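Participant: Line order of the protein sequences matches chains A and B.
For the first sequence, the numbering used here gives the first residue as 1, with consecutive numbering after it.
For the second sequence, the numbering used here gives the first residue as 1, with consecutive numbering after it.
No lab work stands behind these hints, which were simulated from the structure alone.
These numbers were taken from a predicted model, which means no experiment stands behind them.
Each hint can be trusted.
Covered, in the sense of this in silico footprint (three residues per stretch, anywhere, with C-beta under 8 Å from a C-beta of chain B), are these stretches of chain A:
1. 217-227
2. 451-464
One-sided excerpt, in silico: chain B residues whose CB lies under 10 Å from chain A:
3. A16
4. K19
5. T21
6. R199
7. A225
8. E226
9. G466
10. S491
11. T501
All C-beta atoms, glycine included, are put in the ideal place defined by N, C-alpha and C.
2 protein chains.
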Amino acid sequence: MNEYRSVGQRVPKLDAADKATGKARYVQDLRLPGMLEAAVLRSRVPHGRIVSVDVSGAWQVPGVRAVLAAKDIPARRWGYAKDTSALKGDRVRRIGDELAAVAAVNVEAAVEACARIKVEIEALPAVFDMEEALAAGAPVLHEERGSNLVQTHLYEHGDVKAGFAKAAKVVEGLFRLPAQQHGCLGPAGAVAEWDGNGRLTIYDPTQIPFLVQRDLAEALGVAPAEIRLVQPCIGGGFGARLDLYPHEAIVALLARKANAPVRILFSRDEDFQTDPVRPRTVVRMKTAAAADGTLLAREADVVVDCGAYVSWGAMTPVVMVNTFGSFYRCPAAKFRARTVTTNTQPTGAFRGFGNPELLFALESQMDELARELRMDPIEFRLKNANSPEETTPGGARITSCGFREVLEAVRKRLRRPAKSPDAHVARGTGVAAVFHVGGGARIYRSDGCGATVKVDDFGKVTVVVGATDIGQGMETAMAQIAAEEMDVPVSAVRVATNADTDIRPWDVGVHASRTTFIAGNAVRLAARDAKKQVEDARRTLGLPADAPLDKVVRSEHFRQKGRLIHASAYYDPPTAMADKTNHGNVSAAYTWGCHGVEVEVDLETGKVDVKRVIAAHDVGRAINPMHAEGQIEGGVLQGIGYALFEECVLKDGRIQNGHFLDYRMPGPRDMPEIVPVLVETDDPEGPFGAKGLGEAPIVPVAAAVANAIFDATGVRLRELPMIPERVWRAVRGNR
Amino acid sequence: MNEYRSVGQRVPKLDAADKATGKARYVQDLRLPGMLEAAVLRSRVPHGRIVSVDVSGAWQVPGVRAVLAAKDIPARRWGYAKDTSALKGDRVRRIGDELAAVAAVNVEAAVEACARIKVEIEALPAVFDMEEALAAGAPVLHEERGSNLVQTHLYEHGDVKAGFAKAAKVVEGLFRLPAQQHGCLGPAGAVAEWDGNGRLTIYDPTQIPFLVQRDLAEALGVAPAEIRLVQPCIGGGFGARLDLYPHEAIVALLARKANAPVRILFSRDEDFQTDPVRPRTVVRMKTAAAADGTLLAREADVVVDCGAYVSWGAMTPVVMVNTFGSFYRCPAAKFRARTVTTNTQPTGAFRGFGNPELLFALESQMDELARELRMDPIEFRLKNANSPEETTPGGARITSCGFREVLEAVRKRLRRPAKSPDAHVARGTGVAAVFHVGGGARIYRSDGCGATVKVDDFGKVTVVVGATDIGQGMETAMAQIAAEEMDVPVSAVRVATNADTDIRPWDVGVHASRTTFIAGNAVRLAARDAKKQVEDARRTLGLPADAPLDKVVRSEHFRQKGRLIHASAYYDPPTAMADKTNHGNVSAAYTWGCHGVEVEVDLETGKVDVKRVIAAHDVGRAINPMHAEGQIEGGVLQGIGYALFEECVLKDGRIQNGHFLDYRMPGPRDMPEIVPVLVETDDPEGPFGAKGLGEAPIVPVAAAVANAIFDATGVRLRELPMIPERVWRAVRGNR
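This is chain A alone, in the form it adopts within the complex (with noise of 0.2 Å):
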């Protein structure tokens, strides 16, 4: 039962017509007048000295308004560990790397300016794999570190020793996990303007507005408050979009140099060479567990590929060591990962951050343990499960756990499947379990987001809120809430999406699946206050209770010293950023789910079906069914890609896949029957109950088809995508 009227409705999106007819405005559809554009000049080598940029070529190209090369910039360096620019101008590190950038009338004229740029380099000795890289005598690519290890994680609790030391059965095993491409289908772009009192205007599909605009002022040296961030439609994110890239202080700097408006679009080739992408990463784990099914120690020690320049990617271990140190009850555990620089793309996040790539070893080791055990995985996994109102040893304080009940809901619904008509067909079932946050990951001092709600004369709700939509269904969301909360229907509340960061209130960002529990919270408590707003003028001006919305703000407003409902919210969750051994209680609320997966594999081919998915999630509470079921089948269908077909190719730091052709990202013949299940478990914390459910889907479907792979055949894969070649090598050498 539900007993709300607009939260739990399977209300559609809001700008799904939009989206759907062509009326939403990307930063492609953007036209400003007098607006050039811009192209960037890269490196073609993935390491080496610049010694030199002769950009006179380029102004030789007719149209051409503006040409800049890093000695014509600041030298600013900027990033987490402060090792990325603009324009490199000592250095190249990757294939990609800007050497300069051209503005011109239009982009044919800036790339053929930039072919005429000529540029002397210097090759030095690269290095592309992340093992290699931690090796003695490998080039190291910043020397300043002396080293190419970027930082070590560590993390342990109880007494690992004693727990492998008893351990009737103990797995052991390699996991080896590639770069992912995010592939939004809207690729970078930016669109930078400068005004005559020198503020600076950028239209910038970012996940994170109100970062960029302090960053981006660190970038260019100008103060943040001389920058005004606005996003236009988001083409994608899943995490692509969640740090200050070189795009978006060039295009800044091609504007005030050109004095005009100055659009970078990065083509699919850029997209595919220079975007960041999932880390590669190498994952050694060992698990132990007792002869009663009871685990008893955890050990891993992961590498993690930085790319060229340290961004988000370098960051996952944080959210490895929260899944490694609370998911399921394991009273001992060890945790090492080391960040690396390597002569490649640039690593980021992406939908998971770090966790689809440490439970596909987790979770293939539970179900090895399990079989050890000759345990039910489920049954197995149930006797380890977390329950509510329980705080691990990582310093998890988990409240709402609907953990047995997704466990429950797969077992009742995984069926074996019958035995192939085809010989050389297999068929198997497998299952992974996911642990993950709900109510936002404080990486930053602030996981706060403000809200505003206006209602005016007409009894429209206007929110305006600092978070960014990036396709996720916010704006629904929010307004569904607001709907809620005001007690009006969801058609009367707009959202105003994605506005200009003058204007909004502050945000962290999109990311950690934060922005239902962590935005709804501010949208609802800032409708709860201008509810009471309406209600305290109802009761002074005399109104019946029954009187509508838009009446009593009229009467308020026009009466004598009448007033508006506008009402304002900041909400930032009770929680704590890790400590220095990286325990803490980073959450306010977690999330658990269980994928059960039906796969067929061609034992001729290597061929793996994924032919039916139950994918189970305590979401607290579905602010819209509807929206849940598509985070659960855009999630699934990307762990898809993630298991079977995605991964960069490199040949000497060169991507040989960069394109949709190549790149095999799955389509609609690869989707499975997914059978979402939203087990509702009323978070304390969350918005009407509601906890965050926007990256759990994907995490853990690697494993669950890697096991399934092993229930049909007998091979454990522990390498990623599990194309066919690699199956078909596995099941050859096993027979």
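Keeping the supplied structure of chain A fixed, place chain B upon it in accordance with the hints.
Facilitator: Then chain B, alone, in the frame of chain A:
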């Protein structure tokens, strides 16, 4: 002495650089993807019955995407008298009436398509003169009203008959005022676009965003909540954008029909023939004084031309009454104004809104009486001047009043010119005073304005205000007020001007010199609240009193259970709408001004040169003295145009001088030496003591010039503009 840091400073206009360099974006600069351009087929006959409109020819023009005639749209009427509509289906009532409209891929195709629409109209007798229109047997424009009389405004106080009976001197005259074009540099236009949910966004340089939202909804038959209005940069207003006009509905209807964004832009021809004008007005007035110079009684009978449809021109008597009942201490006054429809272009609001018309008569007669009484004209005015803290018979509660000061300021500075060396050049001086609203004018149920203030982590203060900038400098004034109240530099403030109606708080619109006073108070209240939030945070956090703003805000934001600084306020002045007898305190403050002018009259040609203008105004407090002086200079020059050059010359209802070559607006060479004098009276209700100044400077110019011409030549001109022919004829008639 200025006790303020930002208020009272000569801060350059914040949008000056953008406007001077062409960066400012007007509706003429907007480009939306897939945007079509509109053209309107207009009536060439002034009055007629529409027999048929055949649009089939329009479709033969390549690139046409939508064609509309009256039969294709809902029959909806709007406006003060509900007598106008988007497209006319049964009757045309003026040259320029809208018969059909086309949207096409470019404006040439749209215009060509309009040319191919076949219209049959049966001509009806027309009437162009408002006094003829009132006569029995005149053609009636709107038969449902029975006659061309729209409304009669009556006002009376004291015993007028007795006043005239005991008078020592009575002057009486008939004054004729022409139609005046606003001549905005940016002609009218709008862009309309419907989203996939059936919501309309209109980019419209209107002066009344929130009233257009409501009125356009009525015109289109949609809910007001479904309309979002965004104002681009506005290329002048002066009252011309104060109503909903047919083109705003037409462009929305075309966009809906074409399912694409559509823009309509007026050509200069259309602007001259179709945009509203200051109404032709006839004033019959009589004023009486005692021998000692005490005013005894005044009486006026006024006729105001509405043109073909009733818009704001019909409301100018409301301001006339206010002046007539309150300006000078006059114990008895009787006023009648009749508003009339004629087959001419509709009349609207124009800076001063009836006051320049009425005051031309009133201040001419003050001059006549002074001369009859052999009193110095300033002495005569001083004798009858209003004083602080009095309530006038008309109901105006006067608080601050610098009337005596402005009169003395002119007396001190106005020099009698030496005789011209040219015998045919006569020199003279004249004065005229003005009384005007300076604290809003309640002509609508609310005269309020809302504002919000946000302070971000960098100490940047963003003001979102309902008020509209039409070039008058609202943005800068609000920034100064917010800066003063927040104790930050003006450069730390950004005013989000003319944003989206969804986001901005409500405002009644920009008119009646109200913005600095009303919006200024709203901004001040919001800033005060924001400042208090900062102060509370500082104390709670234990930061020192001199801690920088940004540091306090960040500390408050990033602490546990942090908060953002966000405040909102609404200010509605303590005033009342005029009662049924047209008495009332409609404004929270009143202003006075006095102009002293020096002219040269060429007796051979009748040409009048204004050489010097002393313009003293009670501004309460000059928030920005440079801009206050700019308002005075602009008003004086526009007043000179009204006095000497400008009138719409009609022939059979068609404007004969409908472009800038023939319609003589004053230019740089007509600019006299202007000596602005700012009298500061520190109004108790105004923000930092300020009062409105937008309109007053235009009001007394014509009378002052006429009085100076009398001084120079001995002839009394009672018809504007005082073009050489009229002056020459009068001078010759006098000899």
